[in-house]
Every structure is written in structure tokens, then in C-alpha cells.
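Read off the chains here:
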Amino acid sequence: MKHEIQDALNRRLSGFHMDEEQIHRVLRTARGEKPVKKKISAGLVLAIVLILLTVLAVAAEISGNVLSDMYQRYFGVQISPEGQSLLRREKPVAAIDFKEATLVIEQAVADENQLLVTATVLPKEKSNILLAMEPTQPEDAMQINGSIHPAETYQQAMERTGAVMKAVSLDFQVEGMETPGGHAFENLDEQGRLRMVFGADYALQPGTIQVTVHAIMFEPGEGVANPETHSITMPVQVAKLIEKTVKVDALIPGSKIRVEEIILRKSPFTMYYQTTYRYDEKMEDSLMNPLVPPRITYVGRNGHWIDSGVGSGSTRKKDGAFVVSGTLNLQDFPEELWLEVEGTEPNTWHGQLGVHLSPADE
Amino acid sequence: MAAVLVPGRNAEEEIARLMREQGGYILRLCFVNLRDRGLAEEAAQDTFVKAYKGWQSFRGDSSEKTWLSRIAVNTCQDYRRRNWFRVLKAQVSLQDVPEASVPFEERDDTLTLAVMNLPRRYREVILLHYYQGLPAADIAEILNLTASGVYTRLRRGQAMLKPALERWYLDET
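Each protein sequence line maps, in turn, to chains A and B.
The opening position of the first sequence corresponds to residue 1 in the working numbering, with each subsequent residue numbered one higher.
The opening position of the second sequence corresponds to residue 1001 in the working numbering, with each subsequent residue numbered one higher.
It is worth saying that the hints were derived from the structure and are not from the lab.
Source: prediction; values computed, not measured.
The beta carbon of each residue, even a glycine, is placed where N, CA and C say it ideally should be.
If you only want the chain A side, here are some residues facing chain B, beta carbon under 8 Å, derived:
| id | residue |
| --- | --- |
| 1 | Glu-4 |
| 2 | Ile-5 |
| 3 | Ala-8 |
| 4 | Leu-9 |
| 5 | Leu-13 |
| 6 | Gly-15 |
| 7 | Phe-16 |
| 8 | Gln-22 |
| 9 | Ile-23 |
| 10 | Val-26 |
| 11 | Leu-27 |
| 12 | Thr-29 |
| 13 | Ser-314 |
Just chain A, same shape as in the assembly (with noise of 0.2 Å):
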């Protein structure tokens, strides 16, 4: 098994390596003249935004729309009216009962991109489990009272409540289709409640699919250690994207990048993008990797940031523009869109373009 990984990584993550510049990117960094990166990571900037606001979410009943209200708490992304009704229940999608939890399914949602479940466990006896998602470590396991300490927290609250701890995961699986990447994110409260709200990444069509739910609750520990599995399948109807694309062909003034193409797709829940870019000539910022995208940043006209980091990707082309996707928050088409791009050394490039989207662009 040995040679096959050896040569299986190295064959195909060949193109991995460190060239002259991030040499002299490290060293120079390493010296102490500049920091190898400057901005914040979406992740760190999103854990940060959790820890703030767990200590909130405690106070939080579970209301009947679990997903506009999470990613109103952690995000800022507003969802339409036309998501919150598409949204609404009733009641619960379903629920699932486990032995010492009961796993209550109480939205599932989808577009043409993605599809969206919210789900919420409540132990049976709060005071003897503490829940997590998938990572199966108390070194792993979330934030809990706005610690900025996971592992010490975690650690502590088994042993203020004798509590012990188990994972719960779910998979997700659309008839006829392979299972794709997504998202994930989790805020477990005082109140012994995990909440969760899972997106994945499928390229669906309008209408009504067939979603099959595994549930697994496990112990931490080597692996899916005493798994207890659930299964149901249930209808998700499909809503249709409105897509605008705009070809831009412009540089952002003050840097080299050439902005390409946007295409923006408009959800009920959210409003996706698609940013086509390049670097128009050879980047002098010795500290900017020329095979990883430049962080182009959605501002809207007040300079606030409107773009959410959900559900964010890119990729490079074989003709080395770079294609950018993720979501804005917006709920409707803007008349403007602003796009921001700082240098990584201080004070060298700083730019910015605003892009006009005409009806006729839709």
C-alpha cells in the first residue's frame, strides 16, 4: 500500500511546489519585514463571529425558521420574503429518534445550486450529553459560552456537568446523484442543543427531488465507535435560479487584475456569484502566490462588505484566469456592484470597481 499512496499523491498532487518567489516570500517574512499573510481568513473572521455570538444564540428560542435565522445571526445575509415563506413551517420536516436524542429535521430546502437542512438535537436528558457535529474530539468540539478556548471549555463543561460526549453527522443523498461538497456550521447552546444547518453543493433541476437523511450518533473516540444509524427519505422541491451575467472586460483601476465576466444567480435563499479574473500582466507584489486567486472582496456602495463567505470556492483555469464563486448578501439584483482588491504588501495597490448592471443584462 505504501509505493500506491506515495505515487498516487505525488503523481497527482505533482503540481504542488514552492517556487522562487514563495522562497523569497518565507524568508523575507521570516526576517521579520513582512507578515506571509495580512488578511483575515473567512473561517477565523466566522469563528470569531460564532464565539460573539453564541452567547446570544443562548437566549434564542428554537423559532420555525432555523436557517433564515442562523444566517441572519452569523452571516448578516438577509433572506427574501419570498425564502422566508418558502422557509415557514408549520411543523418539523421530521425527526428522528435515537436512543438518549431526539434529531428534529426542521427545514430542507433547495435550489438549482444547493441544498439546504437545518436540523436541531435535544438530548432526552440534557444534563448527561454534550453534542457535537462531526468532530469527534473534545479538542475539536465547538465553542460553547463564547470561549475563545474550545478544548478548555469543552473540557470543562464534562466535568461541571459529568456529562459525556457524543457526535452527530449527517450525509445526505439526492437520488440518481453522487454526493457532493458543501458546507457546514454548528452552535451548541447552554441549553444542550446542537444546531445545525448543513449545505450541499448539487446542480439540481426545478421540481421535486427524493432526499435520503442518514443520521448517525456516535461516541468519540478511534473512529465511529458504537454508531447508532437512521435513515428517512423525504420530498425537497427544487426552486428555479434567475441568472444575470454581466461581461465586464475592465481592469479595477490601481491594480493589474482584469475583471472578466460576473454572473450573479438569484435564489429565494440567497444570491450566488460567479467572478471571472485574471491578472492582466505580471503581478510586482512579491508577496501575491500568482497561482492563488487575489481576494476580490463585494463592497456595497457604503463600503460595507456584502459578500456573506458562504459556501466560497475557486478554481484556475487551464488559461490561468481564475473563477471565483460564492454569495452576496443580497436579495434582490443590485443596480451596482463594487469590487474590492487590496496588494498584500502595505501601501502598495489598493483598487476598486464599480460595475453598473443594466436591466438588459438579466
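Since the structure of chain A is provided, determine the placement of chain B on it from the hints.
Coordinates of chain B only, in the frame set by chain A:
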């Protein structure tokens, strides 16, 4: 094998050499570990910055590769804690990886994805043992485990990999 410290060479020259020799390996290790290209590139760079800063304390008790791997594994753990949202993906893909510089086969994709989809505790030991070729004692030191703990994880990791690789799995461990 212990590293040979070359008299007269400073940390900067040594770290530059290590980046040329081991940079690709460390990047691959970080990518499979973190399953996110952007994070992996940041983690690999941080690994070498830490190596630079700790160069004077490197006594050559282990090989340079083992020493770097230990720093990289710890750096990845830090990144995972800080970036849990990005790392917590339902399933990984190879879409983001740079274009391969050598030809590869379909089964390379299958095996790479199978390793990347292992739970982290098994992924780490499988990578360090099968990819880097480290003995259990070194892995135990890097991951702060007992040797028997390493063997347990290796065994379970192998068992989890095997079904995904049945078409061409060779039992020659």
C-alpha cells in the same frame, strides 16, 4: 537519518534549501491534511517560517523531513482549529489542486481522494507512515501518541481505505 549541519551556512540558506527540496512535499502534506488549497499554502509557508525561527534549536536528532513534518502537522492542527468552517466540508474534491506536472491515472485520483476522505486521526498516520515512510515511533512522537496507538490508527485507516481500493489494492504492507 540525522541531518548534517553544514558549518558556515546560515539559517536562511538552509531554509531556502529545505524549501526547494521539501517544499512540494510539505505542500502536499498540508493539502491532504487540511483539504483546502488556500489554507495548505498558508500552512506550508508558516511551516518554513517556524522552521527558520527554530533552526538553531534543530539538533539533527531526527531527519530534516521528520522535523519539518512535525512542524507542518502542528501548524495544520492550528489552522484546523482556526478555520473549522472552511475545513469542515461534506466531501473533498481535487478541483482546486494545481495542474499536475506529471501524467496521472484515474486510480491516482481514487486513492488520493480516499486518503483525503479519511477521518483526520487516520489520515494523519496514513500520510506520515505510507506517504512519508516514517516509522511508528517517529509518528508517535510527532502526534503525541503511543506507538500502539499509532498501530491501531494505521490498522483502522487501512481497513477504511481498503473498500475504496478493492479494484487494485495490493496487500503488501
